[in-house]
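Participant: Sequence:
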Amino acid sequence: MTGINAMHEVLESEDADILFGTQADPLTVTLGPTDGGFPDFPAYEGKNSLNFKMPLLTPIIAPLDLTFSGFKNRSAIYRQDRPDGLRTEPFDDLELCFESASSDWPGMVMCVYHLRTTPLLQAHLQNDDCGIREKWDGEGAEQGRIYYLENSSERSNGNPKSCSPLLGSAVKRGEVLGFSGLVGDNPHSAFKFKVQSDLKNPLTEQGDPYLHWVQPKPFFYWQCFDPATEFQPGVLAYPFDCDLIEGT
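Residue numbers 1149 to 1396, in this note's numbering, belong to the letters of the sequence shown in order.
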């Protein structure tokens, strides 16, 4: 399937190998449509990303030309925020952030998290400092720019050199960024996008006030990646190989 949004119907079904999952909390979206449409699973407060449910270790590909700008390895054996609270095991939470290298989307930022691993961290999972923590605490090896709902950070923390990161690397559309992870019994990865506007983002407390979180599914046009496909301006590639979905 090579048409615009041609995979949406399959991704909205219940039995495909890759599916749309929970979308962004509408209150986090400050540019474009706030309603992500179907499926309408309730988002947790402050969620600014779109989930794709996909089998563990599904290759994640770049939707457009990007530059690797930051990472944070928060992955843990389990997450339990309160002693009497829910224990989620495992808790893959490697996050990578990228900046657009495409003239179609100047200044745009994309981050993907709940990854199991990535070739952009050459030593990931090869040592304790760049491995998996026992209990999730939101910390871990970190370097470069990471984007949060109301701000962004640019720092070096937790021995990032132990990961041998390829920060600043160019990643072409269709190239592998990483491999999807697992949170409890829910295999998925989450994608969040910030897009430039001439209007200020009322949520931004620190960082570029003209970057806005969007609802990825309805905000962009999407198309299956193929090396022979000529993408129209502004169209993004689905962040996976469409041939991996049975029945297409």
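The reader is advised that the hints may include incorrect statements.
What the hints assert, rightly or not - The calculated EDC-like cross-link candidates involving lysine to aspartate or glutamate, where the alpha carbons are at most 16 Å apart (straight line), are:
| no. | residue 1 | residue 2 |
| --- | --- | --- |
| 1 | Lys1283 | Asp1252 |
| 2 | Lys1320 | Asp1374 |
| 3 | Lys1320 | Glu1247 |
| 4 | Lys1201 | Glu1160 |
| 5 | Lys1283 | Glu1247 |
| 6 | Lys1309 | Asp1276 |
| 7 | Lys1201 | Glu1378 |
| 8 | Lys1320 | Asp1276 |
Derived by calculation from the structure, the hints in this document are not laboratory data.
Participant: Next, verify each hint and record whether it holds.
Facilitator: Status of the hints after comparison with the structure:
A hinted pair counts as satisfied when its Cα atoms are at most 16 Å apart, and Lys1283 with Asp1252 does not qualify at roughly 41 Å. As the CA atoms of Lys1320 and Asp1374 are separated by approximately 12 Å, the hinted pair is consistent with the 16 Å bound. Restraint check: the Cα-Cα separation between Lys1320 and Glu1247 comes to about 12 Å, which is no more than 16 Å; the hinted pair holds. Pair hint Lys1201 plus Glu1160 holds up; C-alpha atoms about 11 Å apart against a cutoff of 16 Å.
About 30 Å separates the Cα atoms of Lys1283 and Glu1247, which puts this hinted pair outside 16 Å; it is violated. For the given pair, Lys1309 sits about 12 Å from Asp1276 by alpha-carbon distance, which is consistent with the 16 Å threshold. For the proposed pair Lys1201 and Glu1378, the alpha carbon gap of about 27 Å is over 16 Å, so the pair is violated. Note on Lys1320 and Asp1276: the hinted pairing is violated, with a Cα-Cα distance of about 30 Å set against a maximum of 16 Å.
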